[in-house]
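Residue numbers (the working numbering), protein chains in the order written: chain A, 80 to 244; chain B, 80 to 244.
Mixed in with the good hints, there may be bad ones.
Treat identical chains as interchangeable: a pair holds within one or across any two.
Pairs of lysine to aspartate or glutamate, EDC-like flavour, derived with a Cα cap of 20 Å [unchecked claim]:
(1) Lys87 <-> Asp239
(2) Lys113 <-> Asp88
(3) Lys85 <-> Glu108
(4) Lys227 <-> Glu194
Hint data in this document are derived by calculation from the structure and do not stem from the laboratory.
Number of protein chains: 2
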Amino acid sequence: MWNAIKGKDIPASLRICAGTDGSVTQLLEVLTGKSVNVKTQEQSIIKASPDIARLLDIKKGDHVNRRLVTLNVEGIVFVLAKSLAPIKRMPSGMKDDLMRADIPIGKILRDYRLETRRDILRIEIVHRDLFGDIPVISREYSIIYKKKMLMWINECFPVDDRWRI
Amino acid sequence: MWNAIKGKDIPASLRICAGTDGSVTQLLEVLTGKSVNVKTQEQSIIKASPDIARLLDIKKGDHVNRRLVTLNVEGIVFVLAKSLAPIKRMPSGMKDDLMRADIPIGKILRDYRLETRRDILRIEIVHRDLFGDIPVISREYSIIYKKKMLMWINECFPVDDRWRI
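Kindly produce the complete structure, drawing on both the sequences and the hints.
Set out below in C-alpha cells:
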C-alpha cells in the first residue's frame, strides 16, 4: 500500500504527512511555520449502522461521534479528515472536546495524555468532490486505546503544488 | 523550544523529522523511498547512576539498557540516537530485540503493539563530535508506557545539505 506515496511526482512534504504514524497537524505546523486551523464541516452523534459497527467492532445502534473537518493553513485546505469514534470508549471529558470545538485530534490525545497506537490500514489514490479533478491520497488508520479502536480516521490529501512548501 | 527548528535555513525535511511525534525512521523511509539502516555503535546494560535514576524515575543501581545507534540511508548518517531504557519496564521479549539487533525503536514498539505516548522534552542546537563542525539539532523525548518512562531518547540531526532530499 505504501507504493501510493512513493511516486516522485508526489511532493516530499505530502509523502511525509501521508506516511507518518504521528500527528499530521503537528507536521503541517512544523512544515509551514504557521498555525493550522481546524474547520469543522460536520459533526454529529449517530447510531452505528451495521457497516460502521463492523468497522469499529461495536454493536449496531451504539453511539458514534462523526466528524468531518478540514486542516487549513492561511485559508488553503491541506487535509480533509473524517473520523468515527465510539462514544463509550472515550475517556470522560474527551467527548466534549471532540464535539465542541475545532481542536485537532492529536492535540486532544496529548491533552488527555492518552497512550495510543496508530495502525495504518490503507493508503490509495482516489478522487473526492471537495477537491474536484485533483487526485487525492486517501489513507485510513485507527487509533488504538486499551486494545480497542478509539477512533477510525480517513484523511484525504490533494496531490498538487500546494505541498511545495 | 520549537524555535530551534523554525529557521528558514533548516531544510523542510529536517524540520519535519525533528518535529514529529511519530517514528523518525518511518519518515526517513517515506522521504527517501529507501531503507533506513540502523547501525549500533554501542549497546550495554548499565546500572543507573544517580543522574540516570532521576531522569528515568527509577532506583539508583537499577538495570538500564543503553544504546547508541545511527540511522543511515545509503551510507549517509541522518540521525545519531542515544536511548536509555529501564529493563524492568520492558514487556517480555522486547529486551532481546532492543539488545540483539539493529531494529529501529518505532518498529519494536509496533511489533509489540504497544500503546504509548511520545512527550517531546527539549529541542536545541548543539555540536556533537560525530558531526565535527556541523551544527546539530538535538532533541530529547520520552516514550511513556503504562504511565512510566519506557524509554528516554536523544536524537541528533546534522544541519546541512544531506536533508535536501
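Each hint tested on the structure:
no.	hint	verdict
1	Lys87 <-> Asp239	within (13 Å within a copy, 22 Å between copies)
2	Lys113 <-> Asp88	between (25 Å within a copy, 16 Å between copies)
3	Lys85 <-> Glu108	between (23 Å within a copy, 10 Å between copies)
4	Lys227 <-> Glu194	both (12 Å within a copy, 11 Å between copies)
Comparing the model with each numbered hint stated earlier shows that all of them hold.
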